[in-house]
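**Q** Respectively, the protein sequence lines represent chains X and Z. Okay, so the first sequence: first residue is 0 according to numbering that gives the first Met the number 0, each after it adds one. Okay, so the second sequence: first residue is 0 according to numbering that gives the first Met the number 0, each after it adds one.
These are computed hints drawn from the structure, not numbers from a lab. No residue lacks a Cβ here, since even glycine has one placed at the ideal position from N, Cα and C. Worth double-checking, as some hints may not be accurate.
Claimed, not checked - Calculated pairs, SDA-like style, for lysine to any residue (alpha carbon to alpha carbon, straight line, at most 25 Å): (1) K128(Z) <-> D166(Z); (2) K122(Z) <-> D317(X); (3) K303(X) <-> V16(Z); (4) K197(Z) <-> T104(Z); (5) K303(X) <-> T380(X); (6) K91(Z) <-> S316(X); (7) K13(X) <-> L102(Z); (8) K74(Z) <-> L394(X); (9) K26(Z) <-> A396(X); (10) K320(X) <-> E109(Z); (11) K400(X) <-> K128(Z); (12) K91(Z) <-> A396(X); (13) K91(Z) <-> T319(X); (14) K303(X) <-> E9(Z); (15) K225(Z) <-> A396(X); (16) K91(Z) <-> K13(X); (17) K70(Z) <-> L394(X); (18) K11(Z) <-> S316(X); (19) K91(Z) <-> G67(Z); (20) K303(X) <-> I86(Z); (21) K303(X) <-> T104(Z); (22) K303(X) <-> K74(Z); (23) K303(X) <-> K197(Z); (24) K13(X) <-> R19(Z); (25) K91(Z) <-> T380(X); (26) K303(X) <-> K11(Z); (27) K400(X) <-> S139(Z); (28) K320(X) <-> T104(Z).
Said to hold, decoys possible - Facing chain X, from chain Z, some residues (calculated, C-beta under 7 Å): (29) L76; (30) L79; (31) E83; (32) N100; (33) T104; (34) S113.
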Amino acid sequence: MIARNALREINRRKLRSIASIFGYALGVAFLIIIVTFAQSYNLVAEGALNRIGTHFVVYIPASKTCPCQFGEVGPYFKDTYTPTFNLSIVEEVKALQGVTDASPCLMFRLDDITICGVNFGTLATETNVVSSSMLVKGNFSKIYDSDTILVDSVFAKVTGLDVDDTVYAFNRNFTVVGIVNPSLYSRPAGIADIYARLPIVQEIAEFYGDLYNFRVEDINVVLVEISSEGDSSQINDVEQAVLRAVEFYGGQAGSIVGYQCSVAARKIIPITQEGAWIISTALLFFVILFALKSQFAAVSERTKEIGILKALGWSDSDVTKQVLLESLILGTSGGIVGVTSGYLIAFLIPQLGLVSNQNLVLAVSPFLVLLGILFSIFGGTLAGMVPALRAARLLPAEALKRF
Amino acid sequence: MKNKNNPLIETKDLQKVYFRKNAASIKALDGINLKVFDGEFLAIIGRSGSGKTTLLNLIGTLERPTSGEVKLEGKILSNLSNQELVILRREKIGFIFQTFNLLPTLTVFENVESALIHSRMSKDRMQSKILTLLDTLALSEMSNRFPLELSVGQQQKVAIARALIKDPALILADEPTGEMDPITGRETLEKLIELKRKLKITLIVASHGSSVHSEASRALFIKNGKIVSKSDAGY
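Start from the sequences and build out the full structure, keeping to the hints where you can.
**A** What follows is the structure in structure tokens.
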């Protein structure tokens, strides 16, 4: 009986009910869209930050002048000739806590040309040296064929090299399968002229090995990718652990090249997210105020009818229940409409191309859906509570005198 | 327990004063003493503002007296809590108002049903009882209509059905024919008296006209909140 009366009252004041439902729906949809936007943008931003700031390379600098007996040839990194060490060190580094991935690299120089040997496709290689996304021209997958190379775009421009060209270098013929531009993406080890598979560069180094004591399977750079979580002090701890491992296996103190700007940048992310929450909460607060005012008006308009119900034997709690239920129905309906609308809008925005970032996927979290529904239920209860108690306190005789 | 010698209602030195901010207070009832016995039809006659409605409200527990007491079946109403008064209204008292006071969002059936909140009756029994009563009042075909779709006489019949549905001990009717033309008013009053006799209910009707008191078993005349003689009341 109470539920039926509540529904009839909602239906009786259609415009006001629709306005209340619309208010709740607007608030909840806004919450879902703005927070989803903030969360999704943060994911994209974190992804970008991870690519620039949570990795580094380790090498052991030795001498600016070539340690070999003649000519300019040998393992070389960052304007320095380096000693080499066995690649088994990579597994030791990879096992360190906080290290997500580690990969070997051999950077070798002959005359003025530097070739970089890596295991293509590993995470540490992609974040520190080169990945398919940096391809300017050509076919990245062909790099796994024998004697194929990727050429840095600047080197290609200077030498006139193009895809499918054959180039004679390091005492062998190579086929150019792609032109890449790692320096554009701030890769710490993306500074070579040519990129090839690690075994090829090791073969080259072995060929000239007698000149500087190179051993099979040696490398001179360890590429490291560390966990994207944690603050700068944790990142520093991982760096120190990696340096100790390199020193232990390499016999000399290593040096690190890399970026840590993501730590500072990541601190900005919660600010945007908090902003979204604050704006949404403020809006929802006003929605509740509007609903409260609306429900007050609805109760005031039927003061006499509440008096009639009391004369018929309805208790204060019966009247409270009815008014509260009306408000709850409006709130919950608004919540459901809001969640559905928010979900649809979040789905449609990328579909309609309304966002500039192609990588942005607006995924509404189940937590937000639940929060939206819970908020509207809570808002409905809160907005109905005061008018309901006021209605319950009305004296029957006084209420019956109202028009 | 009912006893023919014990009144159903008894008031002693009943007073009701309405206090107003920045204005003189109004003494609506001034020392009313009366007894109404079970099954009686009492007419309370008086002009507008004489205190009839206030007296009915006090007997019907819709408001509390300033002083004095009202007893219903021997219970002093001012000693009862609000919740006990609610139960008393729900089980013992039926109201019929001058302006019918039907709930506009509910159908005829639902208006009558609304008086049975918290009834222990089964749903089927409740439905059957309501339909029988509506049939008695020639309203069975109107049960799904809303109050605004009914004539004035039909609306008051719905209000009578709503008052009678819970088998009350007492019906309080405040100017029940006040909004009707004389013929419809007489027909409605006759129907009410017929049902009162049939169901053996105590009926108190407040009216400003003298036509009611000819039908009543007893009439009290009220003026300026006091019981007076017929001639003093101006009739």
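**Q** K303(X) and K197(Z) were given as a pair; does the straight-line alpha-carbon distance stay at or below 25 Å?
**A** violated (32 Å)
**Q** So, T104(Z) near chain X? Judge it on the closest CB pair being under 7 Å.
**A** At about 4 Å, which falls below the 7 Å cut-off, the nearest Cβ of chain X leaves the hint on T104(Z) intact, so it holds.
**Q** Given the hint that K122(Z) pairs with D317(X), does the C-alpha gap stay at or below 25 Å?
**A** holds (19 Å)
**Q** Given the proposed pairing of K320(X) with T104(Z), does the C-alpha separation stay at or below 25 Å?
**A** holds (18 Å)
**Q** Against chain X, is L76(Z) within 7 Å by beta-carbon distance?
**A** Hint violated; L76(Z) Cβ to chain X Cβ min 13 Å, cut 7 Å.
**Q** Run the distance test for K320(X) versus E109(Z): straight-line Cα separation, threshold 25 Å.
**A** holds (18 Å)
**Q** Compare the distance between the alpha carbons of K74(Z) and L394(X) with 25 Å, and conclude whether the hinted pair is satisfied.
**A** With Cα atoms ~21 Å apart, K74(Z) and L394(X) stay inside 25 Å; holds.
**Q** Take a quick look at whether K91(Z) and G67(Z) sit within 25 Å of each other, Cα to Cα.
**A** holds (22 Å)
**Q** Is K225(Z) close enough to A396(X), meaning Cα to Cα at most 25 Å?
**A** holds (20 Å)
**Q** Assess, step by step, whether the Cα of K11(Z) is no farther than 25 Å from the Cα of S316(X), and give holds or violated.
**A** Distance ~32 Å between K11(Z) and S316(X) Cα, so the pair is violated.
**Q** Checking one constraint from the list: CA of K303(X) to CA of K11(Z), max 25 Å. Satisfied?
**A** violated (30 Å)
**Q** Given the hint that K13(X) pairs with L102(Z), test it: the Cα-Cα distance must not exceed 25 Å.
**A** The hint holds at about 17 Å.
The earlier numbered hints that this structure contradicts are 4, 11, 14, 16, 18, 22, 23, 24, 25, 26, 27, 29, 30, 31.
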